[in-house]
Amino acid sequence: MARHSKKRSAKAGLPPGTLVHIGEKKTAASHVMLVEYDENGARESQVATAELADKIKLARGTIWVNLNGLGDIGIMEQIGACFNLHPLVLEDIFNTEQRSKLEDYGDYLYVVLKTFVYEKDGPEERLSSDQISLVIGKNFVLSFLETNGFQFEAVRERLRSGKGQILKLGADFLMYSLIDAIVDSYFVILERLDEKTEALETELISNPLPRTLHAIYRLKRENVFLRRSLWPLREVINSLQRGDSPLMTSNTLLYLRDVYDHTIHIIESVESLRDLTSGMLDIYISSISYRISAVMKVLTVITTIFMPLTLIAGIYGMNFKHLPGLDWDWGFFTVLGIMAAISVGMLALFRRKKWL
Amino acid sequence: MARHSKKRSAKAGLPPGTLVHIGEKKTAASHVMLVEYDENGARESQVATAELADKIKLARGTIWVNLNGLGDIGIMEQIGACFNLHPLVLEDIFNTEQRSKLEDYGDYLYVVLKTFVYEKDGPEERLSSDQISLVIGKNFVLSFLETNGFQFEAVRERLRSGKGQILKLGADFLMYSLIDAIVDSYFVILERLDEKTEALETELISNPLPRTLHAIYRLKRENVFLRRSLWPLREVINSLQRGDSPLMTSNTLLYLRDVYDHTIHIIESVESLRDLTSGMLDIYISSISYRISAVMKVLTVITTIFMPLTLIAGIYGMNFKHLPGLDWDWGFFTVLGIMAAISVGMLALFRRKKWL
Amino acid sequence: MARHSKKRSAKAGLPPGTLVHIGEKKTAASHVMLVEYDENGARESQVATAELADKIKLARGTIWVNLNGLGDIGIMEQIGACFNLHPLVLEDIFNTEQRSKLEDYGDYLYVVLKTFVYEKDGPEERLSSDQISLVIGKNFVLSFLETNGFQFEAVRERLRSGKGQILKLGADFLMYSLIDAIVDSYFVILERLDEKTEALETELISNPLPRTLHAIYRLKRENVFLRRSLWPLREVINSLQRGDSPLMTSNTLLYLRDVYDHTIHIIESVESLRDLTSGMLDIYISSISYRISAVMKVLTVITTIFMPLTLIAGIYGMNFKHLPGLDWDWGFFTVLGIMAAISVGMLALFRRKKWL
Amino acid sequence: MARHSKKRSAKAGLPPGTLVHIGEKKTAASHVMLVEYDENGARESQVATAELADKIKLARGTIWVNLNGLGDIGIMEQIGACFNLHPLVLEDIFNTEQRSKLEDYGDYLYVVLKTFVYEKDGPEERLSSDQISLVIGKNFVLSFLETNGFQFEAVRERLRSGKGQILKLGADFLMYSLIDAIVDSYFVILERLDEKTEALETELISNPLPRTLHAIYRLKRENVFLRRSLWPLREVINSLQRGDSPLMTSNTLLYLRDVYDHTIHIIESVESLRDLTSGMLDIYISSISYRISAVMKVLTVITTIFMPLTLIAGIYGMNFKHLPGLDWDWGFFTVLGIMAAISVGMLALFRRKKWL
Amino acid sequence: MARHSKKRSAKAGLPPGTLVHIGEKKTAASHVMLVEYDENGARESQVATAELADKIKLARGTIWVNLNGLGDIGIMEQIGACFNLHPLVLEDIFNTEQRSKLEDYGDYLYVVLKTFVYEKDGPEERLSSDQISLVIGKNFVLSFLETNGFQFEAVRERLRSGKGQILKLGADFLMYSLIDAIVDSYFVILERLDEKTEALETELISNPLPRTLHAIYRLKRENVFLRRSLWPLREVINSLQRGDSPLMTSNTLLYLRDVYDHTIHIIESVESLRDLTSGMLDIYISSISYRISAVMKVLTVITTIFMPLTLIAGIYGMNFKHLPGLDWDWGFFTVLGIMAAISVGMLALFRRKKWL
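Chains as they are written, first to last, in full-length UniProt numbering: chain A, 1 to 356; chain B, 1 to 356; chain C, 1 to 356; chain D, 1 to 356; chain E, 1 to 356.
Be aware that a few hints might be false.
Just so you know, same-sequence chains aren't split out, so a pair can sit in one copy or run between any two.
Claimed, not checked - In silico lysine-lysine, BS3-like type, Cα no more than 25 angstroms apart, as pairs:
(1) K138 with K168
(2) K354 with K321
(3) K11 with K114
(4) K196 with K120
(5) K138 with K55
(6) K120 with K163
(7) K57 with K138
(8) K196 with K11
(9) K168 with K55
(10) K11 with K163
(11) K168 with K11
(12) K163 with K138
(13) K11 with K57
(14) K321 with K163
(15) K138 with K114
(16) K120 with K55
(17) K196 with K55
(18) K57 with K168
Treat the hints as calculated values from the structure; they're not laboratory data.
The structure presented is a predicted model; accordingly, all values stated were derived computationally and were not measured.
From just these sequences and the hints, can you work out the full model?
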């Protein structure tokens, strides 16, 4: 997470429009998948780099070009040429360290979104994000993914089976479907966070330990990370659903309003989580303080009882020749009795003070 | 509470408009109640699934269809068909994990609201929420509830008795009455929270314990939960009372303005509570710190008094042959006297330092 | 304060417009006072319930009807009928648990305001609020108070004496005068809070005690209470001074701008107080922590000095037959010397470490 | 500072426009200075109360009337009559407990500003504020100061010397110059605050003491005081520079934009200071906690080392007849050796645990 | 950092437009570099003060005048005269203690920006900022830098080599390139902050020390410093990219939108960092509290075990004549056995209480 802007500075000084991959390269090879569909059905094909331009030119109906893996600059340039994309768009697709945004280039919209996934990181897991770029025009949708994009599988399946309205509606509905799939995938992360929060709350109340503290901090960090990513997303979907672009039909706007609602729901959940996390930190420190006060009391009770007794023993251990009672037969037991009385008195006092 | 978004992820990948029940199923059976009314009176009837469509077609005047229990998808589809509802509305009614919202579909408005109730949860109680969906058109109101909806009983009673203006006014006034009933029910929760807060304040000042701390945290969590639910509600009622929709008559708008005011009042109370809760956490930790400092002082006083005395006793317990005073008749009592003087001196010192 | 929404839930389920007194009944009897005035002077009279309607009909010039005590529903209904008030207005006047608000009913404005007073509550005092409702029309002002409304005495006096412009100007200027009187009364509360804050600051720095802590919390609670009441007030006076209503003349608007300024001044003072209160809590806990560290140091110094000495005494108290020095004439004093040297050395060490 | 609203309540109940001095009276005598200037030069004269009205009538070019000391109500009434000021303006000039504000009376603008100064207050210094009222019309500027207004000396000097454009430009540029002089004087306060902050940071890191804590709190209080005064100032200068009033020429607007920038700069500095102050409080308490933990460790180390040794000495001090080793020649040294070994072992253990 | 407004007060009282250097003088000598370019190429030349005005008059195409070092007022006045700059602009260029701003003077825009750099400051490094002023007109860009401006080297290189579109586009694109270079340089600072944060997080979890605390505070201070500088930057770039000025062509606006995005990204990162820093402070104090509670437990365990044993040894060290068991052969070992039993019992008790 903290590594998010690494290598970004490598671009300083380059002219705009230079294609440089910013961020971790996630998959080595690039795969292009082309889907053409209309009311009658969908045709899906893996396309090799060489024949990409031709295939696109021949495509009919609504076209969806999906690119997995951003390693291959050549493919990007071909796609850019086919769909007449602005150099800044191509540059941004390669810069995977961006915030979500929507840019209207007139003929097409450029949308940057983020997906989240928990990755193993030693004994812990860490939340990392991948970038998905969408370009939507009159009759095409382009999607560029760093990884394999499991989120889109369901949409592809729906295209194949022709279930729902997706074949009947145009490119804007396809874009909605892709965005909806991405936003739906956030709920998985949200549920994971909820589980973690609940587990931490239990641990916090039963037995707070340093690792509880570190877990709270990690939760806070993930929360900060999510908030930073989700607020721009909100803006993106809001401007989409406001219908500023003629590319969005009014039917799709209804659906986008729905996605917008989900986004707000997610953001509000993350904000609530933030409040709870900060509350947990307060509870932690309060619990530890209480524990200190409890241990402190035990120590004070012990000390207060034994110190006078030890003093008495010390007094009768002094080597004075004339020490009253040393010769007395019951002297020893009398002293023990006094000691016992002092102990009992002290204990009663502490009980009355509610220390025990 | 923390369980609120469970199972939401189950919907990921499904086409929009698919009817899937999200959230806990609260009541197994669904009951449909149909009320028709005009100026002359109201007719109320329980309707079986089979005859629902017919009954609705034959209904005269203003119609109120109330559905308790969301278990039966068939009924929903019938109602949807009768009133020509958009698939997204039907989908949203089943998704009981939504935020409050108002959607204007032209012919009708779709409103999602939340009600709150304290449920027993082991020795504790926990705040849970149910969803109520309202659809209001030219001359009908549809209400969909997860549970039995005791909040609406008073409205039904008013329809039966014809008290107030309710029979004379249209569907929009009925909707207002339902929303008003829901908002009124929030005051019960608010008073419960106020009581809890007062009880905690007393406990906090008299004797702060770990369970006080956990109660404060629970209060905070309930507060977070309420805030998240109430802010969208505010937006909903605000857009209703702004009168954007022609379905709202100007007379009803006056009443909605009143409900809006109540909503703001409730939100402000919850916000105040939030401030107080965070203040209570600070008081808790300050109190514990004070207690630590008090216990600490007792310990120090005890130690400071007894250590010198024990040392003196130890010195006169050394086995030196030539130890001045050991043979002296009053030696023992002189030493005891010195010890007493030291104790008194120490106590005086501590008193002057205000430690005692 | 925490009792503010008590009994509000009692209204749940009643039709709107039902007159139910919400909140504590403050005065048993209701008194109606009628003032008529024009440029030539003012006539003031106590009016009995029976003759109220007649008197109002006969009144000339600008009319001010002031009602103290909300116990008598009959009077309210009469007044409502005379001035043609909406049922919601009457209902709201009786509901004394509202936030400040301004409602424009076309012919008249309905304004709800709050006044504050410190009431004795056992050994403490507590801040409580009363509600004042104002209705202002073309040539009349109605004021409804829970209590005797000492704030209005000065306005009445000005009417009697004809001092200032009040007789020459219309109902809107009278309303301004009443609001100004109420806002002026807030400065008394503000000065009380300032005094408390100063007293607490002094106590905090000289000798922080648990009661200081509780006083800070009470201050915070009063602050929360005031903030919640003052923010809506700001909105009310702001919309008045914007001059949206034709009932306000431009001359009065200038004066209202002045009151608005006072309101902002008061709110900013309360906000500042809030910052200071939260700062005081931090100071309290920091002071206590410092005290713990100081006590801790004393304890450690005492322990560190006496433990080695006691050990030495213990060593020379062992019963070994062959223990070097026991027979030596200066053995005892040598050991005492060593003890003294150790003490001095320790003290020097602690002084160098700045612990003493 | 906490005394700011004292005596404000004394005005409650008076009709608007009554001239009552609110706030501390700072200077007994009032001095009126009249400056007339045009392109050719400036004439400056001290004016006695009696001849004030005449002098003003005869004045040519742009007129600047400056009043130091608000003690004399008579002068104010004369000035008010000469320039035809609204009673509310006169009242506000006397009320020195106001927030900064800009009021547009059509023919003239009324501006209230604040200046700050550090006053000796026993061993400490305290930040206090004076009020400056400006009235600007077509060809005159009136300035009313509680104190001697050293801030304006430079402007007067510039008028005398004719340096810069000030003689060529009108009353609005003079007003800008006065406001600029006031805002420039804030930088002195800001630099003082910066110095204090730096000094506190050093003290905080080297040796945090209770007086550090109180200094932080005083800093916070000054910060709260400044913030409350500066935010309204920002609004004032912003509405001036927006050029809503025809009295402002477009040339002056450019300069006002510059002052506005300085104001924002000052506010942002104060806001940053606020963040730092709250950070310092956290550092303070963290440092003290760390110190407690360090002292605690020393105590524990001492106790842990000496308690076993004392026990051993005690054991060999028991008076059993048959106690192995007492008769042995090397018994004493063996026991001492064991004690030394235990000490060394303990120390090694603590070192390994990084406690030493 | 805390030194940022030093000497600013030196300007108080001077007429506007006076050229006074505010802030540290960073480089003694001033170097002027003149670049002229059009589609065919760029000519770059170092210009002596004497010939500056002539050279500028003769220049063709788009002109870029870059001034490094603000020491020489004469050069500034020449440049001001050549390009007809307002006195306030010249004054502001010399005042290097300003916030970022954009001022539209009609014929040209004046932009103030900040660059950041880490400077060695004893063993620590400190974040300091330099000011860069840009003036952009129809066909010229002026840049004024306090230091050598390494950030612009890449732009100069691009002009020389003719790479990218820079030669073909006008002055506004050059300005974009310069701003882009500055914003890109922020990423270096951001990455440095990220590294520091990560290092601190590790230290915080493994072994929190006072220097960790001070590092957190320094991080917070840097964060406060950056926030204060970046928010105005955001406004500047936002108003540039909104295209309010006719000097910006629509092509450049697209690129500015991109820079705006980077700015938002940087600000959001800094805001996130702020959240994390405040979280780290909480973790620090919580960790220390936990450590205190742990040390406390060790102390209590030691005391609780050894005090009873010492008492027993003391009891058998009393000099009573009749003390049972002293003569018994196994008395000593019995007592030792009892001591061992007590120790083991105590340890078992503590283990059960989870203190060990």
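Worksheet item: Okay, which hints does this one fail, numbers in order?
Response: Hints 2, 6, 13, 14, 16 and 17 contradicted; others consistent.
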